[in-house]
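A.B. asks: Residues per chain are reported as follows:
2 protein chains.
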Amino acid sequence: MSQSTDGPPRVLILGGGFAGLYCARRLAGANARVTLLDRTNHHLFQPLLYQVATASLSPADIASPIRWVLRRQANCRVLLGEAAAIDPDARLVTLADGSALGYDYLVVALGVSHAYFGHDEWAPLAPGLKDLRDALDIRNRFLSAFERAERETDPAAQRALLTFVIVGGGPTGVELAGAIAEIARKAMPRDFRAVDTRAARIVLVEGSPRLLSAYSPRASVRAYHDLERLGVEVRLDTHVVGVDSHGVTLDNPAGKRIDAATVLWAAGVRASPLGARLGAPTDRQGRVIVEPDLTIPGRPEVFVAGDLARVTDPATGREIPGVAPAAMQMGRHAGALIARELLRAPSPPPSPALPPARPSFVYRDKGTLATIGRARAVGSVWGLAVAGYPAWMLWLLVHILYLAGFRNRIVVLINWAWAYITYQRGARLITKE
Amino acid sequence: MSQSTDGPPRVLILGGGFAGLYCARRLAGANARVTLLDRTNHHLFQPLLYQVATASLSPADIASPIRWVLRRQANCRVLLGEAAAIDPDARLVTLADGSALGYDYLVVALGVSHAYFGHDEWAPLAPGLKDLRDALDIRNRFLSAFERAERETDPAAQRALLTFVIVGGGPTGVELAGAIAEIARKAMPRDFRAVDTRAARIVLVEGSPRLLSAYSPRASVRAYHDLERLGVEVRLDTHVVGVDSHGVTLDNPAGKRIDAATVLWAAGVRASPLGARLGAPTDRQGRVIVEPDLTIPGRPEVFVAGDLARVTDPATGREIPGVAPAAMQMGRHAGALIARELLRAPSPPPSPALPPARPSFVYRDKGTLATIGRARAVGSVWGLAVAGYPAWMLWLLVHILYLAGFRNRIVVLINWAWAYITYQRGARLITKE
Numbered sequence: 001m002s003q004s005t006d007g008p009p010r011v012l013i014l015g016g017g018f019a020g021l022y023c024a025r026r027l028a029g030a031n032a033r034v035t036l037l038d039r040t041n042h043h044l045f046q047p048l049l050y051q052v053a054t055a056s057l058s059p060a061d062i063a064s065p066i067r068w069v070l071r072r073q074a075n076c077r078v079l080l081g082e083a084a085a086i087d088p089d090a091r092l093v094t095l096a097d098g099s100a101l102g103y104d105y106l107v108v109a110l111g112v113s114h115a116y117f118g119h120d121e122w123a124p125l126a127p128g129l130k131d132l133r134d135a136l137d138i139r140n141r142f143l144s145a146f147e148r149a150e151r152e153t154d155p156a157a158q159r160a161l162l163t164f165v166i167v168g169g170g171p172t173g174v175e176l177a178g179a180i181a182e183i184a185r186k187a188m189p190r191d192f193r194a195v196d197t198r199a200a201r202i203v204l205v206e207g208s209p210r211l212l213s214a215y216s217p218r219a220s221v222r223a224y225h226d227l228e229r230l231g232v233e234v235r236l237d238t239h240v241v242g243v244d245s246h247g248v249t250l251d252n253p254a255g256k257r258i259d260a261a262t263v264l265w266a267a268g269v270r271a272s273p274l275g276a277r278l279g280a281p282t283d284r285q286g287r288v289i290v291e292p293d294l295t296i297p298g299r300p301e302v303f304v305a306g307d308l309a310r311v312t313d314p315a316t317g318r319e320i321p322g323v324a325p326a327a328m329q330m331g332r333h334a335g336a337l338i339a340r341e342l343l344r345a346p347s348p349p350p351s352p353a354l355p356p357a358r359p360s361f362v363y364r365d366k367g368t369l370a371t372i373g374r375a376r377a378v379g380s381v382w383g384l385a386v387a388g389y390p391a392w393m394l395w396l397l398v399h400i401l402y403l404a405g406f407r408n409r410i411v412v413l414i415n416w417a418w419a420y421i422t423y424q425r426g427a428r429l430i431t432k433e
Numbered sequence: 001m002s003q004s005t006d007g008p009p010r011v012l013i014l015g016g017g018f019a020g021l022y023c024a025r026r027l028a029g030a031n032a033r034v035t036l037l038d039r040t041n042h043h044l045f046q047p048l049l050y051q052v053a054t055a056s057l058s059p060a061d062i063a064s065p066i067r068w069v070l071r072r073q074a075n076c077r078v079l080l081g082e083a084a085a086i087d088p089d090a091r092l093v094t095l096a097d098g099s100a101l102g103y104d105y106l107v108v109a110l111g112v113s114h115a116y117f118g119h120d121e122w123a124p125l126a127p128g129l130k131d132l133r134d135a136l137d138i139r140n141r142f143l144s145a146f147e148r149a150e151r152e153t154d155p156a157a158q159r160a161l162l163t164f165v166i167v168g169g170g171p172t173g174v175e176l177a178g179a180i181a182e183i184a185r186k187a188m189p190r191d192f193r194a195v196d197t198r199a200a201r202i203v204l205v206e207g208s209p210r211l212l213s214a215y216s217p218r219a220s221v222r223a224y225h226d227l228e229r230l231g232v233e234v235r236l237d238t239h240v241v242g243v244d245s246h247g248v249t250l251d252n253p254a255g256k257r258i259d260a261a262t263v264l265w266a267a268g269v270r271a272s273p274l275g276a277r278l279g280a281p282t283d284r285q286g287r288v289i290v291e292p293d294l295t296i297p298g299r300p301e302v303f304v305a306g307d308l309a310r311v312t313d314p315a316t317g318r319e320i321p322g323v324a325p326a327a328m329q330m331g332r333h334a335g336a337l338i339a340r341e342l343l344r345a346p347s348p349p350p351s352p353a354l355p356p357a358r359p360s361f362v363y364r365d366k367g368t369l370a371t372i373g374r375a376r377a378v379g380s381v382w383g384l385a386v387a388g389y390p391a392w393m394l395w396l397l398v399h400i401l402y403l404a405g406f407r408n409r410i411v412v413l414i415n416w417a418w419a420y421i422t423y424q425r426g427a428r429l430i431t432k433e
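Quick mapping for you: the protein sequence lines, in order, are chains A and B.
Residue numbering for the first sequence follows the numbering used here, starting at 1 and increasing by one per position.
Residue numbering for the second sequence follows the numbering used here, starting at 1 and increasing by one per position.
No lab work stands behind these hints, which were simulated from the structure alone.
Hints are supplied without guarantee of correctness; some may be wrong.
It does not matter which identical chain is used: a pair holds within one copy or between any two.
What the hints assert, rightly or not - Here are the simulated SDA-like pairs of lysine to any residue, each with C-alpha atoms no more than 20 Å apart in a straight line:
1) Lys-186 with Arg-71
2) Lys-366 with His-225
3) Lys-186 with Arg-72
4) Lys-186 with Val-69
5) Lys-366 with Gly-170
6) Lys-256 with Val-241
7) Lys-256 with Ser-245
8) Lys-366 with Arg-235
9) Lys-256 with Ser-208
10) Lys-256 with Tyr-402
Please read all numbers here as calculations on a predicted model, not as lab measurements.
Build out the structure end to end from the sequences listed, making use of the hints.
C.D. replies: Structure (structure tokens):
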């Protein structure tokens with residue numbers, strides 16, 4: 001599995017998300033032996049993950065095998081495995097199975113996960129949404145809650161089964177809350193006999209004074225009103241202080257306790273733990289504070305890209321957000337720098353003593369969009385605020401185009417068209433108990 | 001959850017497969033309170049399950065929520081739960097969670113599973129294919145085998161990782177072997193760098209002297225040759241005498257041992273254990289030997305339908321095969337008889353002392369088809385032998401039509417068209433480890 005030190009320089013990319021994949025693609029044709037390592041066999045179109053969690057799409061609609069995506073790139077191999085340790089001095093990555101991979105350039109793009117603010121015991125009670133397994137887990141939980149409600153005879157227990165609490169008012173929380181409200185109100189009522197699914201209670205809890213805090217204040221207000229119209233209770237300035245198997249406890253005296261069978265977690269950010277072992281400074285969430293060129297201090301051969309990298313935009317002084325376009329741009333930036341240096345000096349690889357002068361990473365903000373239920377979205381595009389139906393059409397267009405390169409776009413489009421016309425959800429399957 | 005004894009007669013259907021679902025549908029409009037109980041929330045189009053196992057289709061393409069299928073049938077409710085015991089004297093079914101459901105008519109359509117011929121310890125080593133969970137398990141195993149082979153440096157271990165043994169030469173075994181051979185030879189070669197997936201060894205082991213023993217001898221010969229052309233080694237008259245984590249042991253002295261990382265089980269039939277608790281005679285596989293009207297002796301209110309019923313065709317003297325059309329026809333027959341009696345005598349329900357004269361179940365054999373890889377099939381339709389490309393076109397047409405009533409047919413058709421044109425498989429996802 002390991003590669004000899006003879007031959008073209010070895011570029012090792014950890015992670016097959018947007019940053020890792022776009023870095024690998026940028027290295028197509030370069031005189032390098034590229035290895036992309038990921039612990040799953042697929043690249044995931046993460047912005048649509050909530051649609052798998054809410055039974056609109058199937059896993060295969062938003063994921064493609066990484067080796068299939070890169071099949072034509074002869075200088076790149078794809079390995080299924082998990083990085084366990086990095087030794088920057090020896091330029092060696094050790095895998096969970098004990099094997100090791102050497103490198104001349106390393107790109108760490110391992111992403112972030114959700115965080116429970118020091119309450120990891122809440123994780124099994126309130127699952128987060130980061131990969132396909134999470135999405136199927138959430139789908140099973142919320143569909144099962146309706147099934148159990150249909151069989152429940154105790155009114156209080158039935159009420160708890162029809163109560164859904166979503167913690168975190170970022171894009172994921174907003175999109176989950178909107179989608180669940182819509183399914184309960186529109187797609188399900190006719191299927192059930194004993195319960196009225198339209199009576200389901202959906203509560204979105206956000207600790208800050210507004211939803212979508214990374215968006216404009218105007219978008220936040222619009223999202224709030226759109227969710228209220230869908231019947232979602234939005235609780236701002238409210239923190240969760242307890243999660244148990246019967247619901248959540250809040251710090252808000254007005255509604256301290258909510259009995260709910262389903263609690264979903266869409267809050268907090270925790271960086272992949274390997275980031276902290278690079279020897280570079282990290283922020284409170286564990287993200288690696290990188291140099292302007294995305295490398296770590298004193299190691300010009302080690303790049304960090306994607307959500308794991310904490311980058312401050314020199315133009316605005318603001319932090320670059322953890323969104324898909326930023327990850328793609330960082331991946332491409334790292335790939336371009338490596339490709340350029342390989343052209344100039346195929347070997348030996350650059351020495352830490354002589355870091356070459358490199359261009360800084362510049363983030364191009366094309367905008368952000370979040371959907372709220374059916375045919376509504378909020379956000380900004382090239383600096384312009386957008387909302388409502390036009391924003392949703394734009395969201396649809398952008399996501400269909402982004403799925404290009406994969407063959408799933410026709411199937412996804414049909415699924416969406418079907419869901420839009422009929423309010424039905426095609427993937428309402430409980431696949432485990 | 002239980003229903004009062006007042007009101008229209010209660011019809012309880014156990015199982016939401018073809019027999020149970022078609023029985024429920026036949027009771028639409030009847031003066032009855034119909035309950036359909038299933039341990040999953042979805043009806044599964046089982047003939048295409050192997051396509052989920054071999055990464056052609058997604059679970060949602062071949063499954064629909066039962067309550068969605070029956071949403072317009074006001075006299076029918078759908079419950080998610082597992083029947084644990086049946087008390088025919090008390091006319092009561094107890095569920096796994098301890099609750100109970102009474103009935104005036106009972107239709108037991110719980111189906112069959114695969115059997116390991118007294119070697120249940122083989123089950124975790126050689127998974128069978130009966131539900132979506134099995135299909136995803138098999139998909140994960142065979143995709144993971146290629147991933148592990150790509151990283152393996154020991155030639156013997158790599159060889160074992162690229163060896164796939166399928167036990168059982170019925171339709172499921174034949175279809176699995178053909179599909180796996182085709183993926184390895186056509187879809188995967190370009191994606192891998194260290195292994196040549198075209199060198200994969202696929203062995204199909206069958207205990208009897210021919211494949212597809214329920215089909216005509218001509219179809220068996222054709223299937224054999226079609227599989228050989230795809231590079232599948234077919235071993236007839238051969239039994240598996242041992243399964244371990246490194247492969248299988250056969251009773252054939254010529255090739256006693258096959259080292260294989262992936263062993264799939266497509267042999268044997270074992271009836272749902274509840275069938276034996278009805279107090280009716282059962283056959284060696286545990287299937288219930290029913291009266292000509294599909295009821296059990298002395299209990300005109302208890303029907304058994306689908307694969308769980310053992311029915312001999314009075315016309316041919318042959319056993320009616322465990323295929324989807326037979327299950328649908330049995331379900332409809334039971335539903336029709338119940339509907340007719342409810343029209344005549346809405347209450348009280350029929351008494352065992354006075355069994356009414358009822359028409360016998362008559363099986364209409366419309367034919368059977370099995371696909372072998374891409375664009376090939378064998379079987380018979382209305383008594384005519386068919387094979388090759390025309391048979392495959394027929395198979396495609398029949399399955400698309402059968403999926404009607406569900407919305408998945410367009411998506412399935414696109415997936416198939418894509419797979420046919422490009423040899424690619426859209427659902428090549430490993431979703432758990």
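A.B. asks: Against this structure, judge whether each hint is valid.
C.D. replies: We went through each hint and held it up to the structure:
| no. | hint | verdict |
| --- | --- | --- |
| 1 | Lys-186 with Arg-71 | between (42 Å within a copy, 13 Å between copies) |
| 2 | Lys-366 with His-225 | neither (25 Å within a copy, 57 Å between copies) |
| 3 | Lys-186 with Arg-72 | between (44 Å within a copy, 15 Å between copies) |
| 4 | Lys-186 with Val-69 | between (37 Å within a copy, 16 Å between copies) |
| 5 | Lys-366 with Gly-170 | within (19 Å within a copy, 56 Å between copies) |
| 6 | Lys-256 with Val-241 | within (9 Å within a copy, 63 Å between copies) |
| 7 | Lys-256 with Ser-245 | within (16 Å within a copy, 53 Å between copies) |
| 8 | Lys-366 with Arg-235 | neither (30 Å within a copy, 60 Å between copies) |
| 9 | Lys-256 with Ser-208 | within (17 Å within a copy, 68 Å between copies) |
| 10 | Lys-256 with Tyr-402 | neither (42 Å within a copy, 52 Å between copies) |
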